Amino acid sequence: MGQILHMTFSMTTPILFAGIGGLFTGISGYLNIGLEGLMLLSAFFSAHIANVTGNILLGTFAGTLVSILFSLIMVLLIDRFGANLYIVGLATNLMADGLTVFTMQVLFNSKGTIMFSEIPKMRLIDPFPRGSILEIFNGYTIFDYLAILITLIVYFLLSKTRFGYNLRAIGKNREAMIMLGINVNKYIYVSFMMSGLFCGLAGASLSIPLRSFVENMTGGRGWIALVTVVVSNGNPLVLLLFSILFGFFTALSNFIQTMWKSSPLIFSIPYILTILILVAHSVGSRGSMKPNSKGDG
Amino acid sequence: MRRGKEFLRTLGIICLSLIFAIVVISIVSEDPISSLKAFFLGPFTNLYFFGNMLTLSIPLMFTGLGFSAGFVSGYFNLGLEGQVYFSSLVATILGLQLGENNPYLFILILPVLSFVVGGSVSMISGMLKIKHGISEVISSFLIGIILIHLANSLIEGPLLDENSPISATPYLPKDLSFPNFEAFGNLHLGILFAFCSILIMDVVLRRSVLGYEMKLVGKNELFSRYGGVKVERILMISAFLSGGFAGMAGTVDILGIHHRMVRGFSYGYGWNGIAVALISRNRPLFIIPASIFFAFLEVGSQMASIFGDMTPELSKMIQAVVFYLVTAEGIFRFFKGRRR
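Chains as they are written, first to last, in my numbering: chain A, 73 to 369; chain B, 2 to 341.
Chain A extracted, bound-state conformation:
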């Protein structure tokens, strides 16, 4: 049981980070399907740089930078050149998939899995005193605690600051905000860069603790994160709850698979759940986060 709990929180972290990233573009009216790709790019480059420098912080920084760079390409093409939001998102996913494997082949002459032995082992932290009930939350990596902390900060940012209010208002009615003299473009660019930033952290939190990179390592987590964005209605705390739920089901399916070597069908459990939750959400409230008109068709 304790093992599943531990796996749940480790599985939650990348989904949560990517979900926070998707939330920023989501509330400003853009459904960012490139989360998966941004995450994958950072997973590779952060692990690679951490391996070269032997420094986790530098690696995370580098991976996040790559991820932000690609999110800037996305928003530039969408905003400046009128490209379709979804197609540019697909482009990012495809580029990430191709570029990571291609670079693996060029640098390491191998495909599949790369072990990065020069990445320092991550220390597990015990922030809570022994003997207290919070003790069960001890023993995770810095990424896991950072994810929770950032969720709280983003909650504050989105619901208590002018920036958050404006971003929401842009998602609701872009034209009105332009007429109010708000620099809408600036907000959109920032929201995409935030997407890049947090997907970057998501990718780093995936590969660095494992000290390895596997081809297509994100394996659909970006899409699950996208679902948490849609059902969270723009609230980071709700997003946190759904991330934990999906983290739990991912952990459970992995656990069942390793324990009993059952059929690969077990891996589809989290995805079946996503569909059910999407339906339940839409029955509960009538579609509150429709993609911006720019994204349609």
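Every clue listed holds true.
So these bits of chain B aren't anywhere near chain A, every CB distance computed over 12 Å:
1. 20
2. 52
3. 181
Short derived list, chain A residues pointing at chain B, Cβ under 7 Å:
4. 149
5. 153
6. 154
7. 162
8. 167
9. 177
10. 292
11. 337
12. 350
The calculated DSBU-like cross-link candidates involving lysine-lysine, where the alpha carbons are at most 35 Å apart (straight line), are:
13. A/244 with B/220
14. A/258 with B/6
15. B/6 with B/38
16. B/216 with B/231
17. B/132 with B/231
18. B/132 with B/220
19. B/220 with A/258
20. B/216 with A/244
21. B/38 with A/183
22. A/244 with B/132
23. A/244 with B/231
Just so you know, these hints were derived from the structure itself, not from any lab. Note that the structure is predicted; figures quoted are calculated from it, not measured. All C-beta atoms in this analysis are idealised placements derived from N, C-alpha and C, irrespective of residue type, glycine included.
With chain A's structure known, arrange chain B on it following the hints.
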């Protein structure tokens, strides 16, 4: 006039993507000349390679047609991968069970069956969109993943051929396969199926009420509703056609090349199909050259990794460049503005 401009823009995008390929190969390769030669000329060096390029374009014609059939009415089908894979598994199962007695009949039945299977799967996402307002962009992709897992668990479980060194089902009955043109590698009769589907879709889109309404819904949903078009019905038909054509892609491949279901044989057909549909700008007839172009990229990248020092993933990156640019209407205007 507008058509001419669009055509030039498409040519521009193709050129830019090829320039990207040249740049990447020149930077990375230790022997750029032979890698470049393998990439660009490889597919044309002999009839066998050329035939294989044409063979690879067949499933892309179907997936391209599939994405296009949804896209004209604004239905964004990202579940192509799953629809291709799952439909071909269903067709394989039926072929294995019943194909022995009437193989020639089943050559016709299996593609139709996979059309219905793929279409039905896609209609689930259509229904979720209409009834629950769930974006098909997400639901179709997720359902696609579920189907791929489901198909893989069947291939590795009850349907696995124990004697085969790879994960695959047993072979279909001998006569249950397309005749192929031996001089051209694996090229098979499926190409005629593809041409017919494209012609039918071309006529539907340009000459029929259904096609007109599909395009109308895609351009302006509100206006078409106001004009009395049953938008929901049109969307469902689009979703069905979209998944249906995708469903045929894999089955035609199995009947023509593999003669059994091999794990992962169709991975990538869906994404390639989207690229084909976008670059042909929803005109069915242009799907033929567009499919051949993307088949060329795939085969060229393979050639460059066999006879040079590239990897097949090169084609994914080139494809991504096409995706980045293909809907960016402003990109060439920007260059023009700069020059002035």
